[in-house]
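Colleague: Each chain, letter by letter, is given below.
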Amino acid sequence: MTDIQSLRNDFPILNKQLDGQPLCYLDSAATAQKPNKVIDVIKTFYQDENSNVHRGLHTLSENATVRYESARETIASFLNVETREIVWTSGATESLNLLAYGLSACFNSDSVIAISPFEHHANIVPWQEACQRTGATLLVLPMLDGVLDEQGAIALLKQHKPDVLAMGHVSNALGNIHPIESLISVCKAIGTITVIDGAQSLLHLRPDLKALDCDFYVFSAHKALGPTGVGGLYGKYQQLNALPVYKTGGEMIREVSFERSSYREAPGKFEPGTPNISGVIGFAAAIDYINEIDPSALQRYEQTLYHALLEKLKQIEGITVYGDTQNNVGVVSFNYKSEHHYDLATLLNTYGVAVRSGHHCTQPLMKMLKVNGTVRASLAFYNNQDDIEHFINALNATIELLD
Amino acid sequence: MTDIQSLRNDFPILNKQLDGQPLCYLDSAATAQKPNKVIDVIKTFYQDENSNVHRGLHTLSENATVRYESARETIASFLNVETREIVWTSGATESLNLLAYGLSACFNSDSVIAISPFEHHANIVPWQEACQRTGATLLVLPMLDGVLDEQGAIALLKQHKPDVLAMGHVSNALGNIHPIESLISVCKAIGTITVIDGAQSLLHLRPDLKALDCDFYVFSAHKALGPTGVGGLYGKYQQLNALPVYKTGGEMIREVSFERSSYREAPGKFEPGTPNISGVIGFAAAIDYINEIDPSALQRYEQTLYHALLEKLKQIEGITVYGDTQNNVGVVSFNYKSEHHYDLATLLNTYGVAVRSGHHCTQPLMKMLKVNGTVRASLAFYNNQDDIEHFINALNATIELLD
Amino acid sequence: MNIEHITKKLSESHGWQAKYREIMLLGKQLPALPDALKVDSALVSGCDSKVWLYLDLDENAQQLVLIADSDTRIVKGLLAIIIAAYASKTPEQASQFNAYELFESLGLIAHLSPSRGNGIRAIVEQIQAKAELLK
Amino acid sequence: MNIEHITKKLSESHGWQAKYREIMLLGKQLPALPDALKVDSALVSGCDSKVWLYLDLDENAQQLVLIADSDTRIVKGLLAIIIAAYASKTPEQASQFNAYELFESLGLIAHLSPSRGNGIRAIVEQIQAKAELLK
Ligand SMILES: Cc1ncc(COP(=O)(O)O)c(C=O)c1O
Ligand SMILES: Cc1ncc(COP(=O)(O)O)c(C=O)c1O
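Chains as they are written, first to last, in this note's numbering: chain Y, 1 to 403; chain D, 404 to 806; chain C, 807 to 941; chain Z, 942 to 1076.
These are calculated hints, taken from the structure and not from any lab test.
Not one of these hints is a red herring.
Computed cross-link-like contacts, DSS-like style, restricted to lysine-lysine with a CA-CA straight-line distance of at most 27 Å:
no., chain 1, residue 1, chain 2, residue 2
1, D, Lys-419, Y, Lys-37
2, C, Lys-815, C, Lys-895
3, Z, Lys-991, D, Lys-740
4, C, Lys-895, C, Lys-814
5, D, Lys-773, Z, Lys-969
6, Z, Lys-1030, Z, Lys-979
7, C, Lys-936, C, Lys-844
8, D, Lys-740, Z, Lys-960
9, C, Lys-895, C, Lys-941
10, Y, Lys-370, Y, Lys-314
11, C, Lys-856, C, Lys-844
12, Z, Lys-1071, Y, Lys-236
13, Y, Lys-367, Y, Lys-337
14, Y, Lys-370, C, Lys-844
15, Y, Lys-43, D, Lys-440
16, D, Lys-591, D, Lys-561
17, C, Lys-834, Y, Lys-337
18, Z, Lys-979, D, Lys-740
19, C, Lys-825, Y, Lys-337
20, D, Lys-561, D, Lys-639
21, Z, Lys-991, D, Lys-770
22, D, Lys-773, Z, Lys-991
23, D, Lys-419, D, Lys-715
24, Z, Lys-979, D, Lys-770
25, Y, Lys-367, C, Lys-844
26, Y, Lys-188, Y, Lys-210
27, Z, Lys-1030, Z, Lys-1071
28, Y, Lys-370, C, Lys-834
29, D, Lys-717, D, Lys-770
30, Y, Lys-370, C, Lys-856
31, Y, Lys-158, Y, Lys-236
32, D, Lys-446, Y, Lys-43
33, Y, Lys-337, C, Lys-844
Quick caveat: nothing in here was measured; it's all calculated off a predicted structure.
Take these sequences, add in the hints, and give me the full structure.
Modeller: Pasting the structure below:
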C-alpha cells in the first residue's frame, strides 16, 4: 500500500496551496491530474522534437512520426487489441460522434439504439441526432434505486434486439460499474453492435477489450492522466474499416482530384489533418506510467479509500448517497437534506476541497433520481486518507454553517 | 532588424544539433516551432492549474475557465472580431468540416461551391463530401502559370454566383498570397458566402477580419507558434449561430431528456465535450507573443529573407520555382531538373536541412502544375541568413552528389 | 438594505466562511418569490442554480424595480447584493453602473467569472441589457 | 549483387552522404523495369515515391524471384538491397527473414519508420505477406 501512496509525489499540483489551504482534489472524474512524467514528455517534445508527422522525410518529422505511431501501439497493447484498431480523436465525445455518425449510415426507421439511463450527454445526444436523421428509436434500459436493472435490461435487449447498445462501462455521475460483460454477451447472441463508453473505466479498471469482446470502445486521455484534446476509439478491425468517414481532409486520403477522392484504410482514414501530436505522445507517457503500477494493488487501494470515504459520509445524518455502492470505482454522489448542491460545493471550496456539483452532464439520470443535481467527490489512486479526512472535516463545517 | 533576429533565441529547438549538424528548420508551413513562453504556459498549466472547465465551482475550475474564455478574447481581438464569434476546434481541418457540414444543410442540386485550384485537401474533400450528399457542384477558379487568374476568377464568380467561395488566404504549397480582398468584395455583391482558410496566413499576415469582411475564417494553432490539437474558426455571429451543430455531447447543450435536447447559443453549441484546455491556453500565449512583435517589421524581415533565398536559388542552374514570387509569405516550392523531390529532400536532410517534399496535400494543384511534387522550403521570422546559406550550401552539395 | 450597509458588513467579515455566512444572511432577508412567479419564462438562462428575475420601471420615479429569487442560498444572497446595487437607479444610471467593480471591491469577483456553472454574470448581463432597453 | 557485398560496401561508407551515394549506385545497377510493366496495379501503396514490385516463385528452385523499380534514386537503391536480401530465398526463409535487423545493421532503420512518406516499410510488408502466401 505504501508503494501506491508514494505515487502521489509524482503529481506536482497535489502540493498546491489554494488561498493558504492545501488542495484536496476530489474531482478526478471530471479530469485526472498529470504526473511529472507526462508533463516532461510534452515539454521535451516542444523543446527538442516538435515537427509535423507523416509525409515528412526529415529527421524531426520521422522521429515525431515514430513516436506518434508507437503511442498507438502503447494504447493498443494496454487494451489488448491490435494497433490498427486504434483511432486517435480529440476525445471521447468526438469518438462517440464518429461512431454514431458512422453506424447510423445503415439505420432506418425500424432501427433501435439502446442506451442505459446512466449515460453522459456525450453518449446520448449523438444517438438522438442519429435517430432524428434516420427515424430510428432510442430505447432506455431500466434501473432500480440508482442501479442498472440487469435482468430487466437483458430481457429488454432480447425483446427488442436493438441494432446498437451504447453504454458506459462506469457511470461518471455515480461511479457505478456496470455489468457490461453479461450485456455484451447477450448482445453477441442477438446480433447487437456494442459501443462501450470507457471514459470513466480506462484508468480505474484497465479493461482487456479482447476479453470483453465489445465491438467498439471509446476513451479520453485527460481522464487517464493524459493531456487534454486527445482521446480515441477502438473498433474490431473489419467493423471499424467498414465505417464511413466522419471528418475529411489531408493525410486521410489516398488520392484527391477535383472530381473525386479515395480514402486510406483505417485507422488512417479517420484521422484527417494534423493530429494532436504532443497530446498523443503525452498520453502514451501516461499509459507507460499506469503500466508501472500493479493493477490489483491500485484497485485495492482505491477501494479502501472509497469505503473509508463512504463510511464516514454515511455517519453524517441527513446525507443521501446515490448509486451502486457495491460496484463502484470510487465516486460518492450525494446530497445533504434539502440543501442545494451549489451551496455545498461552494462552501466546500472555501476549505480547499474541489468537488463537482450539478447534473454532471447526465440530466436524464438526475430526473430519474428525482434530484436537480448532486455533489460528487471522485477519487483516484493519488488521493489518500488525509484527503478523506480533509473532506469530511470541511463537510462537517459546511453543514454547521448551513444548519 | 536586430530586434526580430534576437527572437530566434526564444525557440529552444533551433539550437538543436541533429547528427552533429545544426538544425536548419525550413518547414514552418507544416508546423511552426514554439517559443519558450508557450512551452512554459502549458507546463505550468499541468503543474499548477489543471482542471476541467465550465460548470465547476471550485477555484481550480473557475481559474481554468477564466483562462480558457479569456483566450477566446485574445484571439478575437487579434483578428479584430467579437469574442462570441470565435469557436474552438481541434484545428483548421475540423473547422472546415464543421463549416462544410453546416453550410451544406441548405444546399441542393442547384448549389455551387467555388474553390481555388490551390486548395489544401482539407479545403477540398469536405466540400466534395457536401456535394455528394446534396448534389451540389464544385467549381474551380482558373489559374495562370501557378498564380490565381484574378480577372478570370472574378468573371467566373459573377457568371455562376456560387453559394459559397471557399479558398485559402495563402497557398501552403507555394506561399502565394491570394487577392482575397477583391474576391470577397465581388462575393458580397453577388450574395456568395465567403470561407477563408487562414491556416497559412494567421502568423504571417495577421489579418484584420473586420476589414476583410469575410463571413468565415479558419485557423490552426500549431501553424502559428501554438500547440497541436487546437484551432478555431471565426464566423459573423448571425451566420455562425444559424449553422446546425456538427458534433454533439456535454457542455454544448441547454437541456437533455431522453426525448430531445436543446442546444446553447454559439459559440458554446459548437464545443461539445472537454476541450483542449492546455492547447487553447497555450495558443493564447502564442498570440500574446506575436502581439509583442511589430507586424510590419516582421513582414519586412520575412520578405528580406524570402527574396535572399529566392535570388540564391534562382542562380542555381536547373532549378524551377513554382508559384507567385511577387506576393508570397516566404515559401519556395521548387524542383531541380528531373530529379525526384524525394531524393533532394532526403539528401538535404543529411545536412540538417528540414524541408518538405511531395504534393503538400495539394494533389490537384500538382497535377495542374504538371509535377508529381516539389521540394518546399518555408520560412518564418525565426529563420535567419545563416539558415539560407546553410540551405543553399546543402542544396549545392546535394546537386553535386546527384549530377 | 442598502449597498453601503452591505459593503460594510462584508468588509468586516474575515475569511470566506464568514463572508458566505453574511451573504446567506442577506439572502434570507430577501423576500421569497411567490411560487406563482417562479415560472420558466422568468428563469435566467446560463445559471446552474435556478434564478428567477423580474425587472421593471417605476414610471413615476423613473427607477428600476427588481425582484428575484433563487433555489440556492448563496446565489440568493448575491442577488440581494445585486438588487441593492441596482434598485432605485434610473435606467441611465443602471446601464452605466459597473457591477464588476462592485464585486471586485467586495472580493467576490470569482462569482462574475465566465464559468457556465456560475450564473451571476448572466444575471448582471441580463439586467444591463434590460436597463439599456428601458433608457 | 549479393547482400554481403552490399553490407560491406555500406559499412565502409562514412557519413550519410557517402552512404546515399553508395545506395544510389546500387540503384543504378538494378535493371530498369520496362515501361510496359510500370502499371498501377503493380504499385506498392503507401509510398510517396512510386514503387513497382513484382514477386514470383521459381517453381523448380522453390525460390523467390523479385523485380522492382522506383522513380526515385534512393528508393531504387534501397530496393536493390531488399531484392538482394530476399532473392533466392525460399518462401519459408523469406517469411522468417527480419528486414528490420538488416536495415538496423546497415544504419538505415529510419527508412523502415512508420512515416507514411516512407514507403520502404510498405514494400517489406508486401514481400512478407506474399512470401507467407507462397509457403
Ligand atoms: C492551407 C491549409 N489549410 C488547411 C490545413 C489543415 O490544417 P490542420 O492540419 O492543422 O488541420 C493546412 C495544413 O497543412 C494548410 O496548410
Ligand atoms: C462517461 C463519460 N462519457 C463521455 C465523456 C466525455 O468525455 P470528453 O469530455 O473528454 O469528450 C465523459 C466526460 O465527462 C464521461 O464521464
